[in-house]
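Using the sequences and the hints, build the whole thing.
Residue numbers (my numbering), protein chains in the order written: chain A, 1 to 114; chain B, 1 to 114.
The hints are simulated quantities; they were obtained by calculation from the structure and are not laboratory data. Any given hint might turn out to be false.
[Claimed, not checked] In silico SDA-like pairs for lysine to any residue, Cα to Cα no more than 25 Å straight-line:
1. K54(A) to K9(B)
2. K54(A) to V12(B)
3. K9(B) to Q42(A)
4. K9(B) to P39(A)
5. K9(B) to G41(A)
6. K9(B) to S82(A)
7. K54(A) to Y104(B)
8. K54(A) to S82(A)
9. K54(A) to L111(B)
Keep in mind it's a predicted model, so treat the numbers as computed, not measured.
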Amino acid sequence: GIQVEQSPPDLILQEGANSTLRCNFSDSVNNLQWFHQNPWGQLINLFYIPSGTKQNGRLSATTVATERYSLLYISSSQTTDSGVYFCAVERRGEGETSGSRLTFGEGTQLTVNP
Amino acid sequence: NAGVTQTPKFQVLKTGQSMTLQCAQDMNHEYMSWYRQDPGMGLRLIHYSVGAGITDQGEVPNGYNVSRSTTEDFPLRLLSAAPSQTSVYFCASSYTGTVLYEQYFGPGTRLTVT
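Right, here's the structure in full:
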């Protein structure tokens with residue numbers, strides 16, 4: 001199956017710092033999504049980004065599908081940004097009736113200190 | 001909208017017991033899925049459904065059954081619980097077309113099998 005690798009696995013920042021998280025994938029994909037899992041375990045969709053660049057406040061994401069990677073930028077980090085950031089890639093299943101499936105990376109654990 | 005709801009939030013089972021994790025969504029989403037998350041790992045797809053009456057296996061389906069009799073509900077059944085099924089289980093839903101759209105996750109069910 002497809003491999004999804006995220007880096008770095010852990011990141012510790014001071015409040016106000018900027019950071020870049022990377023997601024590499026081993027094969028072509030139909031779509032890519034970024035998620036944030038807060039310290040209480042809730043998963044929130046951040047970006048739905050098969051290609052190109054999107055921005056939402058202090059966060060932005062870029063996916064270069066032809067080179068099989070995506071980047072998540074966090075600017076002026078805040079303590080509330082702490083948690084785990086996952087990327088997930090979408091591919092269609094192999095059977096005739098199969099639908100799309102998401103494969104997740106192992107995540108980047110971000111800690112933002114005040 | 002309640003979004004995606006999961007019950008129970010916590011559950012302890014003995015080895016060999018069976019149980020059903022409930023998942024419901026009120027957004028009229030066609031696509032629903034179940035994931036498990038083990039410590040320090042990303043989410044792994046157990047089963048998914050592209051609509052009522054249609055289900056398919058994901059990456060780790062063994063020991064789990066699903067059915068989708070209505071658009072709103074997608075229960076996950078553990079047939080004979082094993083300690084290896086100790087995990088946090090997440091249900092998700094989304095619209096789907098040629099690709100999946102933004103995934104909405106439930107709050108999760110923390111399951112311990114002793």
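Comparing the hints with the structure gives:
{"no.": "1", "hint": "K54(A) to K9(B)", "verdict": "34 Å, violated"}
{"no.": "2", "hint": "K54(A) to V12(B)", "verdict": "42 Å, violated"}
{"no.": "3", "hint": "K9(B) to Q42(A)", "verdict": "12 Å, holds"}
{"no.": "4", "hint": "K9(B) to P39(A)", "verdict": "16 Å, holds"}
{"no.": "5", "hint": "K9(B) to G41(A)", "verdict": "12 Å, holds"}
{"no.": "6", "hint": "K9(B) to S82(A)", "verdict": "23 Å, holds"}
{"no.": "7", "hint": "K54(A) to Y104(B)", "verdict": "19 Å, holds"}
{"no.": "8", "hint": "K54(A) to S82(A)", "verdict": "21 Å, holds"}
{"no.": "9", "hint": "K54(A) to L111(B)", "verdict": "36 Å, violated"}
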